[in-house]
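K.L.:
As a plain string of letters, each chain reads:
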Amino acid sequence: MASVSLLETRQVCKNFGGLDALVNVDFDLPGGQVRALIGPNGAGKSTLVGTICGRIKPTSGSILFDGQEITQMATHRRICLGIAYTFQITSVFSRLTAFENVALGVRRIHGNRRHKVRGLVMEALERVNIADLARQRAGDLSYGHQRLLEIAMGLGQSPVLFIMDEPTQGLSEGEIEGFKELIRSLSGQTTILLIEHNMNVVMETAQYITVLNSGSVLAEGTGDEMRRNKQVQAAYLGRN
Amino acid sequence: MIRPSRDVSLHAGVLAALLLLFFVTSAYHNGNLARIMVLAVFAMGYNFLFGYTGLLSLGHALFFSAGMYGLGISMNHLDMTVLPAFGMGILASLAVTGAIGFLALRTSGVAFMIVTLMFAQAGYLTILLFGKYTRGDEGFVIQQAERTLFGIDLTDPTNRYFAAFALFAVSYLFIAWAVRTSFGRCLVAIRENEARARMLGYDTARHKYLALLASGVLSGASGAGYALLFGYAGATFASVQYSILPLLWVLLGGAGTTIGPLVGTAFAFYLVDVSSEFTSAYLLVVGATIVFLTLFFPQGLSGELRRRLAPWLP
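Listed in order, the protein sequences are those of chains A and B. For the first sequence, the numbering used here begins at 3 and goes up steadily by one. For the second sequence, the numbering used here begins at 4 and goes up steadily by one.
Calculated from the structure, these hints are not laboratory results. We put the beta carbon where it would ideally sit given N, CA and C, even for glycine. It is possible that some hints are incorrect.
The calculated label-pair distances, taken between Cβ atoms and stated as ranges, are [stated by the list, open to error]:
id : chain 1 : residue 1 : chain 2 : residue 2 : range
1  : A       : Asn26     : B       : Gly112    : 35 to 43 Å
2  : B       : Thr282    : A       : Asp134    : 55 to 63 Å
3  : A       : Ala76     : B       : Phe153    : 44 to 52 Å
4  : B       : Ala125    : A       : Asp134    : 53 to 61 Å
5  : A       : Ala76     : B       : Val289    : 40 to 48 Å
6  : B       : Val289    : A       : Leu83     : 50 to 58 Å
7  : B       : Leu59     : A       : Gln74     : 28 to 36 Å
8  : B       : Ala114    : A       : Ser96     : 20 to 28 Å
Residues of chain B clear of chain A, computed beta-carbon distances all greater than 12 Å [stated by the list, open to error]:
id : residue
9  : Ala19
10 : Arg38
11 : Pro87
12 : Gly112
13 : Val113
14 : Leu120
15 : Gln124
16 : Ala125
17 : Asp206
18 : Gly234
19 : Tyr273
20 : Val289
Same shape as in the complex, but just chain B (with noise of 0.2 Å):
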């Protein structure tokens, strides 16, 4: 039931992982696994009110782009080095995802899903209707020259992969730290049977809240973490498909798993990649891999290794 010693060593040895991959892939598979770690904290934000929690939002765009925007703004129009406005796209984050959360958590279930979206629709609409500092669709880039942390270039390859892994390790030990208190059990207890957690004594509309919050600033996270070290910011991250684009990742990998997000990012990413050198059709692969995927793992990968191998698996 309890063994943190087999936890500890899988979370030390995907970190350790990762730190290898460095060393052995080519300068673009570097580059796509920065980028797969960014996204996979967005990804865990959203399995963490999605897999662990059972509550399914369909707005989570909006907590990644406040999150891009406010370190994109701070730095373009405030003039903000990147550790301040970091801090200052964590807190849009916050921000945003505390106040939807305080209306959309009076609903759930479907509700919860179409308020969700109905909110980062708004959200992404505001954001076009302020083009003037956002530049809308079109973006803005956020200057090389800016990008430096502690005299250090984050546009470098090198520099990149390690400030990409060091957000992406922070948010996973927070993860895999989080499930294992008894908060996180407790989310697990309200995704199976709220009215039964309620009736251990459990506040369960204060749990829901403070998962979302922490769901939104993970994603607000992995959204500031993505401007500034990819140089750009734009509403095409506040659409609707970046709503999608996690829930498909956390189903894929594995909900309720801690390497699930990781695993079904970098599966996604991968699949789009290697599919689209072979043919122009690669989005019908994609999707039939994913129609595949689901009929015969519908607890995605992380979550079949977990029923067949694995019963342990945090």
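Chain A extracted, bound-state conformation (with noise of 0.2 Å):
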């Protein structure tokens, strides 16, 4: 990779009571990519994505963001250096508005500038094609509109790194397209780390992918080379 790493993990590891969920996992994340993180279920994705947003402290090892050493860094203050996470399991605020919700993150870099903070808010929710449901409580939407209501609130952050977590679980095949749109559009401008099941969107959207496989990772490369490749292969269909 010619350009420089946005993201970088060095010898990360975590170990929950005995388990050992990353064993030495090494990451590159070069900037503007577009980057999917698949493995077999327990393979350590959710883990290798708590670590860099701050949710889970690594056992050892470190991570640098844009160069800064961030591994002992508060959640909060990653976010605001650009990072945006969107949970795995909904997680909304569930009695506020559709709109509030999104405008609580706009909120955090654009200070209360009212007309400022409605125009991003509307123009991050017209990206995932909820505009219309702006009005309504978070909690009253239907899953597929929380999914994509998550995706807006990190979208409103314009984040420099953007790391969603199954963002197309529950989503219709329609959404699931517009999904594949957005991030289309999005790269470029926004570096991506996607975590996802979904091989079509997988081979669709990422530039290139990282297979992880008990808490280490078994092989990177361009979405054919995955295809081909015999240990992927054997990591998938040996589970099946």
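Join the two chains, each given in its own frame, into one complex according to the hints.
P.N.:
Right, dumping it as structure tokens:
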């Protein structure tokens, strides 16, 4: 890779009470890339992004974002550096409106400037095609719309690095098409790290793929390379 | 979503109504209203932490009495005049809240309730321990002659009403403004889902601490105002009862609404006032009414109003 790494993990390990969830993970993500992180259930995908955004403290190893050591940094400060994260399990503010959910993230960056905030919120909601639901309570939205709202909450923060944990889970076919379109429109401006089970989405959106298995990096490469990789096939098919 | 005009007219309307009430109600009700306005400041402070930030404290009596004794002791033992003594009340509540918040906010949920309750009990016992200065449960009177501000006699019912109104108006406008800022919105986000608020880049620990400080200082301002306008400071105001009362007022009036604390305080006050006219078992009436309200209007009076008629209610 010619471009400079935006995110690097160096020998990251995480041990959950005797279980090695991550073993010496070296992971490099160049700026501007759309990267998919795949692997069987329990491979350590969510744990790895958890250590990146600060929800999980690694047992050892270090994490660098934009050349800066962030291993010990508090979660909210990492987010302020420009990392946005959407939860695997939908985590919206269910008693607040969809608008307010997105506005919370926007205001953190732009303060309480009403017109500016309103414009950015509506833009984020429009990009995931739920602008017409802005005034509805988030808890009243369908599951798929809540997933899209999660993505809009990330978009509203105009992140440098956008980490999405299984964003297409629970989306309809049409919404998945829209999601792929969205990722394509973001690529180049925003660096995206995508945990995804839907191989169709992975192959169509990701420029590069990292395969995790049993807590370590099994293989990395383009979609075609991964498709042909015997180890990757074994890791997936061996479990099925 | 953003309708400043409706908010502003509501707030102006509430304040105008309170001014108007002075001229249309009897002296007896004027006295009651002065007391309600001062205590509503306590409830508003409580609501800022409980209703907006989602932290249920059982120790606010200590913040109230810190303000009360901060003013009372400064006037009676240090011979201060009203204004600096009021400042001492604010400082005392700020110091007490700051110290307790630093420790208590390491906990949350039920543990936070217990820790604040225990600190408040320790504070109550401390007030009894220093009975030489605080006069314990018996309390002390702040002399009428000393209760003047800029030459205005605050013991005069009219002046007292407007002093209570001024304290209420400043606190009310502060809350109305604060909940509209991005800081205030973030408090609501913390109440709804703290982990998510942190994941949006907010320093939730700092927000909670500042919310507690504001809550404690408003409670202290209410305590100082109460001592000043009604001329008495006593340890009873530090007892657990005065930690439960603001919670009750806020629940009755509507947690997380700007007018809820005033509505709840007034409602609870007049519930006791009216029912005790008819029966000596007025506490039974009060209890039954509270049970009825919490069963059928769990969001309080203004919470219900918001749900049914005015979803914009701040």
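K.L.:
So, for every hint listed, does it hold in this structure?
P.N.:
Now the hints, each set against the structure:
1. Checked against the given bound of 35 to 43 Å, the beta carbons of A/Asn26 and B/Gly112, roughly 38 Å apart, stay inside it.
2. For the pair B/Thr282 and A/Asp134, the supplied restraint of 55 to 63 Å holds, since their beta-carbon distance comes to about 56 Å.
3. The hint said 44 to 52 Å for the Cβ distance between A/Ala76 and B/Phe153, and at roughly 48 Å that hint holds.
4. Roughly 55 Å separates the CB atoms of B/Ala125 and A/Asp134, a value that falls within the hinted 53 to 61 Å.
5. As the Cβ distance of A/Ala76 to B/Val289 is approximately 47 Å, the hint placing it in 40 to 48 Å holds.
6. At roughly 54 Å, the beta-carbon separation of B/Val289 and A/Leu83 lies within the given 50 to 58 Å, and the hint holds.
7. Between B/Leu59 and A/Gln74 the Cβ separation comes to about 32 Å, which falls inside the hinted range of 28 to 36 Å.
8. Our hint of 20 to 28 Å for B/Ala114 and A/Ser96 holds, since their Cβ atoms are close to 25 Å apart.
9. Against the 12 Å criterion, B/Ala19 stays outside the reach of chain A, whose nearest CB is about 26 Å from its own CB.
10. Every CB of chain A lies more than 12 Å from the CB of B/Arg38, the least distance being 34 Å, so the non-interface label holds.
11. Distance check for B/Pro87 against chain A: the nearest CB is about 35 Å away, which clears 12 Å, and the non-interface claim stands.
12. Chain A leaves B/Gly112 outside its interface by the beta-carbon criterion, the shortest separation being 18 Å against a cut-off of 12 Å.
13. The claim that B/Val113 lies off the interface holds: its Cβ sits roughly 21 Å from the closest Cβ of chain A, which is beyond the 12 Å cut-off.
14. Residue placement check: B/Leu120 keeps its beta carbon more than 12 Å from all beta carbons of chain A (closest about 27 Å).
15. No Cβ of chain A approaches the Cβ of B/Gln124 within 12 Å, the least distance being about 33 Å, so the stated non-interface status holds.
16. Here B/Ala125 stays apart from chain A, with its beta-carbon at least about 31 Å from theirs, past the 12 Å limit.
17. The Cβ of B/Asp206 sits about 5 Å from the closest Cβ of chain A, inside the 12 Å cut-off, so the non-interface label is violated.
18. Listed as a non-interface residue, B/Gly234 keeps its Cβ farther than 12 Å from every Cβ of chain A; the least gap is roughly 42 Å.
19. With a least CB separation of 31 Å from chain A, B/Tyr273 remains clear of the 12 Å interface cut-off, as annotated.
20. Under the 12 Å C-beta cut-off, the non-interface status given to B/Val289 relative to chain A holds; the minimum distance is some 30 Å.
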